[in-house]
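I would like the entire structure built from these sequences, with the hints used as guidance.
Keeping their order, the protein sequence lines are chains A and B. The opening residue of the first sequence carries number 4 in the working numbering; numbering runs sequentially from there. The opening residue of the second sequence carries number 6 in the working numbering; numbering runs sequentially from there.
Treat the hints with care, since some could be wrong.
To be verified - Covered, in the sense of this in silico footprint (three residues per stretch, anywhere, with C-beta under 8 Å from a C-beta of chain A), are these stretches of chain B:
1) 76-85
2) 88-100
3) 212-224
Keep in mind that the hints were calculated from the coordinates and are not lab data. Every residue, glycine too, gets a C-beta built ideally from N, C-alpha and C.
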Amino acid sequence: MAQSSFQEISASDFFYRNRDIAGFTNPSRAIFAAIRELVENSLDAAESLKIPPDIYVRLSPEGKEDINEFSPEGKEDINEQVFRLRVEDNGSGIQPRFIPSAFGQVLYGSKYKLKQMRGTFGLGGKMAVLYGQIMTHKPATIISSTGQAKIYSFKLMIDIQRNRPIIMDRKVSINKEKWRGTIVEFAIEGDYLRARPKILEYFKQTAMVNPYANLTFVDPKGRLYRFTRATMEMPEPPKETLPHPYGVDVELLQRLIYVTKQKNLLEFLKNHFHRVGDITAKKFLIFSGLVNSVCKKHNKLSPQEIGWDNGQLNCSKCKKEAKLSPILCKKYTKLSPEEIKSKDGQLYCATKCKKEADLGYLKNPKKLSHEEIVILMQNLKKFKEFRPPDASCLSPLGQDLLKAGIMKELKPEYIVVNQRKPSTYAGHPFIIEIGIAYGGEIPKRNSFKIYRFANKIPLLYDEASDVSYKVINAINWRRYKVSPDMPIAIMVHICSTKVPYKTVGKEFISDRPEVRREVANALREISRNIRHFMSKREHVNLERKRISIFAKYLPRIAEFSTSLAGKKERPDIKKLIASVRKYGKKE
Amino acid sequence: MGKKNKTKVAEKETEIMGSLKKLGTQMYNQLDSGVFPSINMPSRSTENINYDPHLRQYILGGKTVTRSARNIRHVKPFTQLAWAALFSNELTFHRKTSTLRDVYYSAQAYNMTFKNQQESNNIITDLETVTGHAREEFHIFPEERSAVFGDLTIEYTVPGYEGKTLNLSAHPDGVLIGPALTTSKFTNTSADKIIAIEKGGLFTRFIEENVHTKHKSILVLTSGQAPRQTRYFLRRLSDELKIPVYIFTDGDPWGMHIAMVIISGSANAAHLRNLNTPDAKWSGVWASDIVKYKLPSDPLDEVDIKRLRELQKDPRYQEDPLWQKEIKIFLKIKRKAELEAYARYGLTYIVDKYLPTKLK
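If you want it as structure tokens, here you go:
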């Protein structure tokens, strides 16, 4: 006991020690993850203003001596090298007072709201900077402007133990050209050679799912990869939303109670939860047993006896309006309205114990005990009548943009896309968008090429663990006249306020029944189109074959019959062959 | 006589070439007038094959089928048929012969491929059906295996041998029944009967035992089921020499049917005539012979019995009560015997004792 010492570690310290959980597993993965996190921040920053993103990424080699100085182990593997990573965007820019924390304090960020965003933990950008710092011990440079008069430029490092930014240098310059955006630049050690295929694939797929973005990447050899936007159209940005009752846990409830200004449970429910109105809130309160409903004539009503006509709580027996009854005396748990008296704005048990009565729905949420919060949370999950979350907090691509993206990057012969209606899992709304592309420049392989996206970011690792992979492989494709050796690519995009990743690394979607069902239904729907296309194609092929058979044999018949009949000139069979063609068109 | 013969052969060939040319002209004219060529021919499906008691053979009924180049499934076989007609025409014109196998390979020289031998054989059968002439008349012959021996002088008509003669007893192994022989003219014979034998062993034995002189006969080896050419040859012998034909086969349903096909023809050749010899006689081995001569025999197996029941119902077996009688005995004794079974009575017994009885 005496030997073990306990110490608190900061968030940045924690991630410093456990950087692999954020994707910075090894030198090649780290360089990929750094680019990815920064590009995604940039995309979010541009999309929040509904500006088509222009993102420039440059990875250039740093001097060789840097390796020797800061990471002597690097010598063992000649592929590992120190690079300078620069990411520029035309996004919203960051207000100067937030810049140091936004890049120098882990778990600080703008992403703790409920709407569809790429990042979820407010971690990625900082991890990139942090990783760069621990491997090279060089400050990161952040330059940003919101398009106002000034451009702010910071040189930052992270105080890892205290999880605080250290401002090494701060400059302000005049923003003559009204530039808006953010530039992040720092040194990072990594293995570009090994990361290169994934990085390029990442850009290609990002371009596919963000067809309105211009992406430019200059690699350490000076090679330029440019992905040009195909459209200026952008999807509707997501709206922020309240948490849905099905999605809350005790922790969230407590936080909401902590911040709420509402004085009673009914208002609390109505104001802090997604799609909870007056009736739903009352129904829920009765369901949860926190209040009773009473009729003047019939006293307490069971839930079955309550009518909800015209949005009013009423008694199904006398058809008159009923009231919610605050009933909870601490001693005599059920009080009739007559037994309650009020004094000084407080309710009392009037006849029996004379003590303060618990106020049921009028109860101040801040006065809920821990047990009551647990009961409340459990009932929130059990109650079946909450309306499903709406999808305004989601920003799916939409069928046109999905199509545009696929056309742009894959150039297929045929494409069909489908967007499912919003659905939910555990109180989180999600939308599945799917596309199947055939032929064109899609290469033939022995299996379908699957592109997976979540909130407009490509998922490149652990394909076989993904729910889409499982669903795609469970389908009997022969029924749709499709086989895996055909040049077919399948895109699956899930948008959600909370993408059901299985791991922190954001690599694959977990197999939840609701998600699986949506993916399967979406696939089935477009597979019908594919089947139609395949039959048509088959028909065209058959027709082509048919015509070629006639074109092959009719001249031979002419040849043989001419010599057999002893004629000199062959009969003119052009018309006959043409008639076969015409017939073919008609069909 | 030779000259007359030559003219006859030439006439025949002119007729054949005429029918082929007609076919070609029909196709040509159809094509030339912008119509998909088509051909009508009797259907060879089983329901269109009927037994004609008058002709004593199978014939094709009135049903016809149309082969049209308009039909995607027909256009290839149609083209193959046109080619086969042209090829046959050239064979006949140049008086060359060819085998079915040869046809299959020759097609490749014309860039006309057949999937397999069966496909090309079928096309030749189509050509027979369309023109009504046997392929032998187009100079297309099967591979040979049957032979003839006896005092019959023939005169060749094939190119290079015109006018040459041969006595068929010249070679003790017998003479191959091939195109040169079947197209030859029969000039002279001392025989007063023809004996057709299923098996080579017995054929040789008969020659050794001088059956041809002892019994004044022409011996024909069918080598199992008689090839069409041999059946055609037997018919010519029967028609032109006007002497009876006796058939000796094994004493089992299969041997019995070899005799029947010589007599009444086969369903496969229902589109052709002159391949059967209605007056030929099956002379043994009968089921009753097995009993009468106490021949060493084997039990009939299931396939034999099944075959006997089929033959019992076959229209060809209703003609002569002999057939039904022998089938019944077979089914009763459930035994079968081979021609060689007579050897139990010594090597010459079959020739000296059995044959004379049977030929009466």
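Problem - Hints not upheld, ascending by number - result: 3
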